[in-house]
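Number of protein chains: 2
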Amino acid sequence: MKVLGIVAEYNPFHNGHMYHIEESKKLTGCDAVVCVMSGNFIQRGEPAIINKFARTEIALGNGVDLIIELPVPFAVSSAEFFSYGAVSILNNIGIVDCISFGSESGDIISLQKIAEILVSEPQSYKAELKKQLSAGLSFPVCRQRALDKYLKIQNDSNESLSSLLETSNNILALEYLKALSRLNSPIQPYTVKRISNCYNTPQLTGSISSATAIRNSIYKSEIDVSRQALPTLAQQIMDREFSLGRGPNSLYSFEDIILAFLRHATPQELEKIQDVSEGLEYRIKNAADNSGSFDDLLANICTKRYPKTRIQRILISLLAGMKRFDMEQFMACGGPQYARILGFNEIGRQLLSLMKKKSSIPVITKASHYKTSDDSPILRMLEIEARATDTYVLAYKNPAFKKAGQEFTQNIIICR
Amino acid sequence: MKVLGIVAEYNPFHNGHMYHIEESKKLTGCDAVVCVMSGNFIQRGEPAIINKFARTEIALGNGVDLIIELPVPFAVSSAEFFSYGAVSILNNIGIVDCISFGSESGDIISLQKIAEILVSEPQSYKAELKKQLSAGLSFPVCRQRALDKYLKIQNDSNESLSSLLETSNNILALEYLKALSRLNSPIQPYTVKRISNCYNTPQLTGSISSATAIRNSIYKSEIDVSRQALPTLAQQIMDREFSLGRGPNSLYSFEDIILAFLRHATPQELEKIQDVSEGLEYRIKNAADNSGSFDDLLANICTKRYPKTRIQRILISLLAGMKRFDMEQFMACGGPQYARILGFNEIGRQLLSLMKKKSSIPVITKASHYKTSDDSPILRMLEIEARATDTYVLAYKNPAFKKAGQEFTQNIIICR
Numbered sequence: 011m012k013v014l015g016i017v018a019e020y021n022p023f024h025n026g027h028m029y030h031i032e033e034s035k036k037l038t039g040c041d042a043v044v045c046v047m048s049g050n051f052i053q054r055g056e057p058a059i060i061n062k063f064a065r066t067e068i069a070l071g072n073g074v075d076l077i078i079e080l081p082v083p084f085a086v087s088s089a090e091f092f093s094y095g096a097v098s099i100l101n102n103i104g105i106v107d108c109i110s111f112g113s114e115s116g117d118i119i120s121l122q123k124i125a126e127i128l129v130s131e132p133q134s135y136k137a138e139l140k141k142q143l144s145a146g147l148s149f150p151v152c153r154q155r156a157l158d159k160y161l162k163i164q165n166d167s168n169e170s171l172s173s174l175l176e177t178s179n180n181i182l183a184l185e186y187l188k189a190l191s192r193l194n195s196p197i198q199p200y201t202v203k204r205i206s207n208c209y210n211t212p213q214l215t216g217s218i219s220s221a222t223a224i225r226n227s228i229y230k231s232e233i234d235v236s237r238q239a240l241p242t243l244a245q246q247i248m249d250r251e252f253s254l255g256r257g258p259n260s261l262y263s264f265e266d267i268i269l270a271f272l273r274h275a276t277p278q279e280l281e282k283i284q285d286v287s288e289g290l291e292y293r294i295k296n297a298a299d300n301s302g303s304f305d306d307l308l309a310n311i312c313t314k315r316y317p318k319t320r321i322q323r324i325l326i327s328l329l330a331g332m333k334r335f336d337m338e339q340f341m342a343c344g345g346p347q348y349a350r351i352l353g354f355n356e357i358g359r360q361l362l363s364l365m366k367k368k369s370s371i372p373v374i375t376k377a378s379h380y381k382t383s384d385d386s387p388i389l390r391m392l393e394i395e396a397r398a399t400d401t402y403v404l405a406y407k408n409p410a411f412k413k414a415g416q417e418f419t420q421n422i423i424i425c426r
Numbered sequence: 011m012k013v014l015g016i017v018a019e020y021n022p023f024h025n026g027h028m029y030h031i032e033e034s035k036k037l038t039g040c041d042a043v044v045c046v047m048s049g050n051f052i053q054r055g056e057p058a059i060i061n062k063f064a065r066t067e068i069a070l071g072n073g074v075d076l077i078i079e080l081p082v083p084f085a086v087s088s089a090e091f092f093s094y095g096a097v098s099i100l101n102n103i104g105i106v107d108c109i110s111f112g113s114e115s116g117d118i119i120s121l122q123k124i125a126e127i128l129v130s131e132p133q134s135y136k137a138e139l140k141k142q143l144s145a146g147l148s149f150p151v152c153r154q155r156a157l158d159k160y161l162k163i164q165n166d167s168n169e170s171l172s173s174l175l176e177t178s179n180n181i182l183a184l185e186y187l188k189a190l191s192r193l194n195s196p197i198q199p200y201t202v203k204r205i206s207n208c209y210n211t212p213q214l215t216g217s218i219s220s221a222t223a224i225r226n227s228i229y230k231s232e233i234d235v236s237r238q239a240l241p242t243l244a245q246q247i248m249d250r251e252f253s254l255g256r257g258p259n260s261l262y263s264f265e266d267i268i269l270a271f272l273r274h275a276t277p278q279e280l281e282k283i284q285d286v287s288e289g290l291e292y293r294i295k296n297a298a299d300n301s302g303s304f305d306d307l308l309a310n311i312c313t314k315r316y317p318k319t320r321i322q323r324i325l326i327s328l329l330a331g332m333k334r335f336d337m338e339q340f341m342a343c344g345g346p347q348y349a350r351i352l353g354f355n356e357i358g359r360q361l362l363s364l365m366k367k368k369s370s371i372p373v374i375t376k377a378s379h380y381k382t383s384d385d386s387p388i389l390r391m392l393e394i395e396a397r398a399t400d401t402y403v404l405a406y407k408n409p410a411f412k413k414a415g416q417e418f419t420q421n422i423i424i425c426r
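Sequence lines, in order, name chains A and B.
Our numbering numbers the first residue of the first sequence as 11 and each following residue consecutively.
Our numbering numbers the first residue of the second sequence as 11 and each following residue consecutively.
To be clear, the hints were calculated from the coordinates, so they are not data collected in a lab.
None of these values were measured; they are calculated from a predicted model.
Watch out, some of these pointers could steer you wrong.
Which copy? The list can't say, so a pair holds if one copy fits it or any two copies do.
The calculated lysine to any residue pairs, modelled on SDA-like cross-linking and capped at a C-alpha distance of 25 Å, are [claimed, not checked]:
(1) Lys12 <-> Gln360
(2) Lys230 <-> Lys407
(3) Lys36 <-> Asp249
(4) Lys295 <-> Lys413
(5) Lys407 <-> Phe335
(6) Lys295 <-> Ala377
(7) Lys368 <-> Arg320
(8) Lys368 <-> Cys108
(9) Lys203 <-> Glu126
(10) Lys188 <-> Asn300
(11) Lys35 <-> Val151
(12) Lys413 <-> Leu290
(13) Lys318 <-> Lys413
(14) Lys333 <-> Asp299
(15) Lys413 <-> Gly302
(16) Lys381 <-> Arg273
(17) Lys188 <-> Asp249
(18) Lys203 <-> Tyr262
Isolated chain A, as found in the complex (with noise of 0.2 Å):
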């Protein structure tokens, strides 16, 4: 059986993911696919609009066959955290043989060369990005620059190649086959060309629709509009999940228990968050005092140095609960802890006999299970994991749902 694996947050699913199922599937000939998936909370640092549990019911009814959670201190994270995370784990359960990703370029053999250089970065290449750094231009910039010269360096004619890192897939696609070599992983990359650059496009734009759009026009409740860029079953569990008063969770929800959660911290507590430093802690409690909306909030903090994602990952994390520490003992311990499945349909129960036997790392189909664990990484984990459900659920209308603990009741997804 050939395993594909593929890395998503399907916030919500929608056309483009199926296509990229689809074509992923023609690409690879695989027999199955495991799908590494964000949680509650996404990696640009905002809570998932519909949870987890029903947003694996959709993937599952929509070509996946198994699905793992990307644990949150991984799906909340910089684009190389997130991508090492999730590769690890379909490294480490043992059965994945491919792996696809969309991308602009839609050329593996380019993304593979650069990501060759930016994983062993040769010192000509080292010592020209650090010059283009101290000139004080952000990081995605300086990189390209330097890579365009070391490519000119090294006689290489083809100008595309630096042009790569222009855009987000591309860039989130390196980051896989970054991680892919750094564990040394025999999983053979794919990648699938998009077919719409919509990607972060606010508008609709019909059948194929980027996420961005088609959560604002639910937040706006327009879900009506969007329906055209949904799968019929992506229609159906978010109209279940809304009229049962789950969701449409934002960030908005949180605006007054961040607001209060940031007055409250010391910017001691705060600097202990990952990504704050160099006084950040200082300018975020400043603006937590000075702003009466999380809008206010945001433009209050973010400048081209602080960008909104990396803001909206450390307002998270304070959810959450999580400190730069965890990251530190998780990446010191080889990243994410255990393979801990959400869901899966008769393959995926294939998939999971095999993981079973194969998977270097634990596989937890019920976290109430290690409730109790010695192994301390696997405990914090679950406890990061469960506190940021505890205050996910909050969002929510219905008083029914917004119980703490569910982390450890909610049953598995099985489709049969």
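Guided by the hints, dock chain B onto chain A, whose structure is given.
Relative to the frame of chain A, chain B by itself:
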């Protein structure tokens, strides 16, 4: 100039309060009225329905000449600490000749007689109280029974004496008297008999209604039906506040913040709060996990042993960052550390001049002047007040008024 001191919450100011002020003026023949008033949080462990400065405006327009804030650690405390804090301020400012409080009995001689027994605790009374308490009944019941026995032994045939302990305003009156006695204060006590026994009556009862009934009608957006119970200025200022998006604040405004705080707190952190003991911290933690709403939370914590007001005060302490240690420190330093002025009228201005000469505690008219005070109890008391207000304002609907730091920017109210 004969100066009368009163203690109040004015949440909100109503016709019953006006009656109390007018009767007290007649009874004492005073020339001026100083009021010590709770700030943004009140004794039963709730946010005030409108903020302290708006309440100050109303009181100054209805017979009070100068308002001093009861600092939040004392305002949100047991009847004993509440009364001690307020009477201590009235005593320390050095200008108050008499105090007047409402009571069901209206008989100051009887109340003083009981207060003296409760303060001096004669041996036989103390032994009887201990005996009663060992039977497991609540403190108020045991106290009343012990007093009853003690009075019988003393051959005091006045049976009604111990029954004074049955009603809430008498009990509070006794606390004021106890505080005067403990402070060895020269202030002369008076009591005004309540004309209506509607304290805590949830229904409106005409032009004299309980603050509880008035608040309930406002929370139900039925302020019009409570207008008959409110002086015109109270109506006008509440209308203004609500139309500005400031209030009506209630504990429900803090539902998600409280649940989030409790879910993040450790039992060890909760145990540091005043009145959390004997494992109550675990009871609160469990309830926070198993509750999806504020009503659930209270229902899951409260018992006869843990009454609602005690629990609510604990939750407000959490929001204000107050610890048991803070109260111990303040009491070790004599109680409230300063007299912070919230507002005054022309007569109040003269009182203020007098106070500045005679007060044994600092008289604060600009809190920002004390932001860098060297006196650590003063600084800590202001810090708690500021934290409480920074949380209080989060309940406002209008983001323009939700900024922190208002404790140091808001000017005091001067009525001409």
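Comparing the hints with the structure gives:
1. Lys12 <-> Gln360: within (12 Å within a copy, 90 Å between copies)
2. Lys230 <-> Lys407: Both. Shortest intra-copy (16 Å) and inter-copy (20 Å) distances satisfy the 25 Å Cα cut-off.
3. Lys36 <-> Asp249: Close neither inside one copy (31 Å) nor across copies (67 Å); limit 25 Å.
4. Lys295 <-> Lys413: Only across copies: Lys295 and Lys413 sit 12 Å apart there, 30 Å inside one copy, limit 25 Å.
5. Lys407 <-> Phe335: neither (34 Å within a copy, 37 Å between copies)
6. Lys295 <-> Ala377: Between copies, since 21 Å is at most 25 Å while 35 Å is not.
7. Lys368 <-> Arg320: neither (36 Å within a copy, 56 Å between copies)
8. Lys368 <-> Cys108: within (16 Å within a copy, 84 Å between copies)
9. Lys203 <-> Glu126: Classified as within; 20 Å inside a copy, 88 Å across copies.
10. Lys188 <-> Asn300: neither (41 Å within a copy, 44 Å between copies)
11. Lys35 <-> Val151: Classified as neither; 34 Å inside a copy, 76 Å across copies.
12. Lys413 <-> Leu290: Answer is between: at 20 Å across copies they meet the 25 Å cutoff, but 33 Å inside does not.
13. Lys318 <-> Lys413: Between copies only: 21 Å across, 30 Å inside.
14. Lys333 <-> Asp299: both (22 Å within a copy, 22 Å between copies)
15. Lys413 <-> Gly302: between (28 Å within a copy, 5 Å between copies)
16. Lys381 <-> Arg273: between (32 Å within a copy, 17 Å between copies)
17. Lys188 <-> Asp249: neither (39 Å within a copy, 62 Å between copies)
18. Lys203 <-> Tyr262: neither (34 Å within a copy, 51 Å between copies)
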